[in-house]
Structure formats: C-alpha cells, structure tokens
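Using the sequences and the hints given, assemble the complete structure.
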Amino acid sequence: MSALPDPQLPAGHLADAWRRTREGLPLIAPARRGAFPLLVVGTGLAGASAAATLAEQGYPVTVLSFHDSPRRAHSVAAQGGINAARALAPDGDSVNRLFADTLRGGDFRAREAGCRRLAEISSAIIDQCVAQGVPFAREYGGTLATRSFGGALVSRTFYARGQTGQQLLYGAYQALMRQVEAGRVRLLCRRDMLDLITVDGVARGVVCRDLLSGALEVHLAQAVLLATGGYSNVYFLSTNALRSNASAIWQAHRQGALFANPCFTQIHPTCIPSGDPHQSKLTLMSESLRNDGRVWLPVRAGDERPPGEIPEQERDYFLERQYPAYGNMVPRDVASRRARELCLAGHGVGPGRQSVYLDLRDAIARDGRDRIAARYGNLLDMYERISGDDPYGTPLRIYPAPHYTMGGLWVDYRLMSSIPGLFVLGEANFSEHGANRLGASALMQGLADGYFIAPATVPAWLAGHGAPVLSPDHPACRAAVARVQARIDGLLGSGGRTPVDAFHRRLGRLMIDSCGISRQASGLRDGLAAVAALEQEFHAEVRVPGGASGPNPELEKALRVADFFGLARLMLRDALAREESCGAHFREEHQTPEGEARRDDEHFAHIAAWGHGRDTAEPILHREPLRFTELQPTTRSYR
Amino acid sequence: MSRLLTLNLRIWRQDGPGASGAFESHRLEGVSADLSLLEALDVLNERLIAAGERPVHFDHDCREGICGSCGFLVNGQAHGPRPATTVCQLYLRSFADGTTLTLEPWRARAFPLVQDLVVDRSAFDRLIAAGGYCSVNTGQAPDGNALLVGQEQAAVAFAAATCIGCGACVASCRNASASLFVGAKLAHLAQLPQGQPERGRRTLAMHERMVVEGFGSCSSNLECEAACPKEVSADWISWLQRERRRARQS
Ligand SMILES: Cc1cc2nc3c(=O)[nH]c(=O)nc-3n(C[C@H](O)[C@H](O)[C@H](O)COP(=O)(O)OP(=O)(O)OC[C@H]3O[C@@H](n4cnc5c(N)ncnc54)[C@H](O)[C@@H]3O)c2cc1C
Ligand code: FES
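Just so you know, the protein sequences line up as chains A and B, in that order. Heads up: the first sequence begins at 1035 in my numbering, then just goes up one per residue. Heads up: the second sequence begins at 3 in my numbering, then just goes up one per residue.
Hints may be right or wrong, so weigh each one.
[Stated by the list, open to error] For each label pair, taking beta carbons as the anchor points, the in silico distance ranges come out as:
1. B:Asp99 with A:Glu1418: 42 to 52 Å
2. B:Thr102 with A:Ala1574: 36 to 46 Å
3. B:Ala157 with A:Gly1342: 52 to 62 Å
4. B:Pro199 with A:Ala1063: 27 to 37 Å
5. B:Pro199 with A:Glu1628: 35 to 45 Å
6. B:Pro83 with A:Gly1584: 27 to 37 Å
[To be verified] These stretches of chain B come out as covered by chain A in the derived footprint (C-beta under 8 Å, 3 or more residues):
7. 88 to 95
8. 169 to 181
For the record, the hints were derived by calculation from the structure and aren't laboratory data. Beta carbons: idealized from backbone N, C-alpha and C, even for Gly.
In structure tokens form, the structure reads like this:
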C-alpha cells in the first residue's frame, strides 16, 4: 500500500528545466555499465527505442514481447503522424505553442513540467528518426513536409503517407536488431509477462510464460522497464490489436505500483462500425477525413430510407449546426458525444442505429473524385474492403471506438513508478496527455520516453541504487512464480463451459455503456456491481481448453481477460470519484446548459493515483495536486 | 441485412513441429458474409471449445493489414485470392455460398512449423539484424533537414519500406526465397542519403545471412510480387542482383 512518492518535479523556470535536470543526474562510467543488466518489456515505439538506446550506451538489456517479432507491436498501426515543434517552422510554431496545445488539449489534467519537456524534446525525435532512414514525406525542395491535425492551428505533424507508426517503429526495431546482432540485447519473443518480482518494495524482475513451451520463466535485472501499451481492449471492441492488454501494468499495480487516472480513455469518432456480434475489432479511419467529409444524420428519428433518398432539407449536419466555428473539425471527444446523443434519440443509422454518416459528396463535387482518391485512397479502399460499400457513391458510416488510454501507471518526472526500480514508458504510463490526448502526440511521447528520457533517468537511478541481481531461487521469485501458477491452475480447472471471448464481449458492452463517451453516477455504480458479478461468473463458468504446457492461445486470452476485470472496476471507481467533466471524461451531472463539459478546478485539479488495497480490498486514492505557473487553466470552448 | 453463407473449411492441423499433420474438415453454416475469414475462424474456435476440442491456432493481432502477424495459404494462395489484401482483411463476401477453402501454413525450410497454421518467422528478424539499419546511435543525429530528399525519392523509399514482414513472398516462391523481403529493405535504405555509408556492406551481409538461414535463391516466377499484400515491386529483386555486383566490386 504505497503512499504517493515525490513526483521529482524540477524547480525553477519551466523552460529548460529538463536540460538542467539531465545535467544534474549522476552517470555511470562506460566500463561499469556491463554490470547493470536491464529488462525491457514491450517492443513498441517506447520499448524498442529505450532498449536500443540503453544497449548503445553499454547496458546489457533483455527484451521481452508477446509478439513473434518486435516489428509487430501495435505502434505499427498508427496512421496519421507525429508532432514536433521545429526551429524554422514556417507558420510561427514553437516549443511554447506545442507545450500550450498539449496542456490545453489535456484539459489541464497533466503536469506542466512534463508537457513542457515533451515539446522541447520533440524536434530531436524527428532528427533521430530521419537519421535511421525513416522515409518521411518531403516537400518539393527536399525538406521535411508537415500537415495539420485536430486540436492545433499550426502545421506540425510529420508523416510517412498513412503509415507513420509503421515507419517509426521499423526505425526503432532496426536499431534494436542492430544491438541484438552486437550481442548487447537478448531478445526473447513470444513471452507474456505475467507478474512482477519485488524485494523490499524494489522491482527486481518479472515472471513470464513462454508462449510456445508454456514454461514459466524468471527474468531478473537491476531495473525493469514496462512499455506494454494501452488498455483500450477492456472495451473488447477497440482500435487496438486483439492481443493488446493490461496484464503487465495490472500485475505491477497489484504489487504496489500506483495506477493514475484509469478512467481517462479516449473514444475516437471515426471508425468503421460493427455489424455482426462476431466482429472482432473496430478499424480506425484517420480523422483527416473530417477535413473533407460532412457529418450528418436524418432529421427524422427512425428514418429508414437509404441515404441517397434523404433530401437535403431532411439532413441534419449537426456538428456544423452546433459548432459553426469548428464545424466537422471539433475535437474527438466532442464529436463522439454529439453523435452519441443523436443516436440515443433514434437518429442513428446502420445496424443498431449506432452510426452516423460521413459524406464526401460535396467534396467530390467540388474537387473531383480523383483529388479525393489521391488524398484518401488507402483509407477508402480499406473502408470498402471491410464494409463492402462504395465510399465514393454512398456516405461512409462511422462509429465511435475506444482508441487510446491516457491513464496508466503513475510515474514521477523521471518515469519511475511508485515501485523503485520499475520504470514505465509510452502508453502504459499516465503521463503528459491529461484527460485527452491530441492527435499525433502519442508517437511523440513514446519516442521521447524511449530515446531520450528513460536513457537518462534509468542510469541515474542505478547509480544510486543498483543492487546485485537476485538468484532465481530467491523466495521472492518462487513466490511470484507460485502466484502465476495459481492463476493458471484456477483458469484451467474452472470446469465451466463458456469460451473466454463470450465474457470479454459482455465486459466490453458493460464498460462502453457505463464508462464510455458519457458517464453518470448511477450508471457507474450499476457498472461496478455488474462487472463484479461477471467476474465471479467468469471464474466459475469459463472454459479454457488444453493445458499449461505447449501453445495455448485460449489460456493467454483468459489470463488477459481476468486482469481486465480488476482494471474495469478501478476505471469505474475513478470515474465515480471524479465529480467533474474534463477532456474525454464526461459526467452528465457536470455540464453547462448547452451540454458542454464543466471542469472543477477547485476540487479536481489533481492526478488521481490509486493504490491496490491488498488488505482492505478497497483501492486507496492518493491525489497529486497540479499546479500551473506558465499557463492558467481556461475553459475549452469550440462553439 | 447481411447475407449468410456456408463455408467448408479444410484446415491443416498439426500439434507441433515433430508431430504428423493432416487436414481436418469443418462445415460452418450461417456465417455472416460481413465477417472476415479470421472472424470465421473465431466462430469455428468457439464451437470447437464448446465441443471440448483444441481450437485452430493461427497468428494474428492488428486485424487491419499492417502488423504482418497473420498469413496462411488459402486454396494454395498466400493470403487468399484478393490482391493487395492480408488474410485478416479478407472478407467472406469475396466467396460464394458453399465454397470450400483449404487453409494451410506457409511451407518453407526457413519457417519451421509451430502448430496448425502458425510458423516461426524469426529468420526475418535475423536478416534485419545482419544489416538492415543505419548505424546511428541515439543522440548523434544531425538536423533532419540537413539532408535534402526529393519528394519522388522519398516516395520510392517509402514504397519499399512498406513491407510488413508477413512472409507471403517466401511462401509463394517455389524456392522459398527471401529475395523480395531483402531487396525491399536494401532498396528502402539505398534510396536515401542516410543509407549510403553502409550500402555495400549491408547488401553483402544481408544476402549472406539469407543463405545461412536456409532461404532459396530467386525462382524468377514473380509469385512473390503477386502475393505481396503491400504490392512491393519485384523489380527490386533484379536491382538486388545489380547491387550485389556493385558491392563486390567496390
Ligand atoms: C489505430 C491506431 C492509430 C493511431 N494513430 C496515431 C497517430 O497517428 N499518431 C499518434 O501519435 N498516435 C497514434 N496512435 C496511438 C499510438 O500508436 C500508441 O499510443 C503508441 O504507438 C503506443 O506505443 P507503445 O510503445 O506504448 O505500445 P505498443 O506499440 O502497443 O507496444 C506494446 C508492446 O508491449 C508488448 N507487451 C504488451 N503486454 C505484454 C506482456 N504482458 N508481456 C510481454 N509483452 C507485452 C507487446 O508485445 C508490444 O511489443 C494510434 C493508435 C491506434 C490504435
Ligand atoms: S493481423 Fe495484422 S496484418 Fe493481419
């Protein structure tokens, strides 16, 4: 039951605080670095970049990933781009502006020192990626090209067609493989981290399952870095890959790591809707489509006519109507919320009346089909493949989907969790995005963490705290293995009859209804009771075929879903405790007469950091107050 | 509402690398044409689990055609009949009611079988480790605009870099060659100024590793290009031959 540690925020002026901090951090002599083995879990942008960089510095690094290759981490799916404030930006963009946009975009629920640092580092990330050979888009003259993205009035997003995440990940992956070849990284794929080993409250290693042999392995190190991605799959259907999960951070939480702002989850408005109960995921359509597409619904609830037969005056372009200034370009959370209200009122279209139209008709009439195809061809092909509809002839149907989790393990300014020796990077931590993440800022944060921050702060911690690596038969290792074994035995032995997915689907439905786009106290309370009941039913009724040895994908899924239950309950609790609306967290009790979010800075300008209540079973809430010096909280308004 | 159809699936089942394998037939009735083939396998697996049998093992993750995890032969074609489409993006509406689909794993010496439709493609990682990178440590990078790259040139490099490492090229080649995979990575880096310093060494090292890992030589029948879900051009294979000559001479 850890108390809230000192967040280690820098003193003095914000500008340059990171450089000053870094210069004050202790170093380890190159010749000694070989004596400090490190463990990195995850090979997405955050994990691969951290592992490669620390290995380059001379630390022996072991890397674990459940994927069969580091290149498959879900960072590979990011489409739109990566933000950076560059010197010589043509439109007067600056570090100050990127800092301010990030803090404002997060609705003043992030630490200003962290946002400031991110903006300062952003430019070096682009340089690093270019040097690795990432084929960013270029202007005619050969300089780096940029585009603009939601929530910003400047053009600062660097991109590689619609596959920016893929290209950035391959850059980091290749840097990692270079270290594997050099013998400085030991790469262990197809391994699921299932528990954390601590001694006297300090992280010393992990337990993982070899997904081919089924063997439980102990891996020990002087520091453990988790870069295991986000938890949107708690909602079952999301834009994340199917195997994305929360197990690593959830088990670390159970061992004492505080979990911050679990209820801050982002729902993306433009995804391809679901039709069949067996649909397995929701595919994102880049929000750049809203630049040219007009969002509408039939004026009359229950209108069954196909879109082409609905005349102009019977179409409600509701975002343009409600937000004349921003129109279809309002931020993600606002667009999702307005669409949901109308769908609930019976105006929605498609199966279950849950979708809205995104119509390219006017853009095609204005610019011609070819220009639209040149801009969005890849996306529209993908839409056609998945939906079977022709997006050039009939409006796209779009649907909101869980997409990104701002919440995650609490970390201090140095990315260390409340468990000393345990660092958390990328989407797995809670840093910098506050209550809402801006487009193209997650890639920036993951790479800032991995290339620049952790490689400075992890050695600094080791310099003061490194302790000899444990022996694998230390009681703490045996205890951790026994905990995992008990969880596996419990699932295999439940004797039930229902496959894992059936429970996951029900959990997802419960969570999207009670803790999705819009939340209210009674729904959250009902959700808590329902999740607890479902969890019990899961343990009694689930059927996991096969055994513990050899490959067993159903067992992998069952272990992940078992962890999602606990996390779901924590999300509901956090959403209940936060009696305000901010960013993506919208509490219906807290809105203006126009239906806009009402933030409460007097009572909720804090990070909610939850401790796992081991003895009492109730989680314990710690509040880290947020202070703003450079930029005072203002109300977000897009009207 | 969506069309329902019946599928006859013949699926390769093999418990492990040492075990013997065989095709197993399953009939799936009343599945929605709006499902992907992998979602149809999810449906089948739920039924197998309910019946107390071992579900079919196949690799997958993103299910949107970008991670490169999925991949098996569908009626002898890598990723199935649709061009430029991974098997996770292959929807049942491509098939007639009552179709029989034969699903089997990639077959290549360098990709040992793991179970059912899953193979071990870690040889691809070792090919990259042999030299598929620019040797630059973090923190040493010059200004990204110090090296100008023409728009066209960046686009060509991108087109080669778009390979997702799924292995379809190897699986569709008579000789199980990795020439397209290696050619694409070499081409990506050789098109850019950043890739020039190590260009020759990289070519020789990756080519040599390809032989060591047990990939065959190019069979010149261009099946790899046809099977590639990212439409990487087989022109890079003939380019690769020229590149090797160039590297050996320098
Ligand atoms: C469809 C989509 C599009 C996006 N587009 C953009 C965009 O345009 N711009 C932007 O800035 N952001 C975008 N994002 C968000 C961004 O891509 C992610 O937040 C970011 O890539 C996460 O990187 P990561 O390194 O933290 O985690 P990931 O890339 O998810 O990597 C997680 C790693 O951890 C491993 N792992 C997880 N759990 C375990 C375990 N228990 N044991 C062992 N290994 C484990 C996995 O194998 C994997 O290697 C997008 C997200 C999605 C889903
Ligand atoms: S599952 Fe990722 S490409 Fe098919």
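Results for each hint:
no.	hint	verdict
1	B:Asp99 with A:Glu1418: 42 to 52 Å	22 Å, violated
2	B:Thr102 with A:Ala1574: 36 to 46 Å	40 Å, holds
3	B:Ala157 with A:Gly1342: 52 to 62 Å	36 Å, violated
4	B:Pro199 with A:Ala1063: 27 to 37 Å	30 Å, holds
5	B:Pro199 with A:Glu1628: 35 to 45 Å	60 Å, violated
6	B:Pro83 with A:Gly1584: 27 to 37 Å	33 Å, holds
7	88 to 95	holds (count 3)
8	169 to 181	violated (count 0)
Checked against the numbered hints listed earlier, the structure breaks hints 1, 3, 5, 8; every other hint is satisfied.
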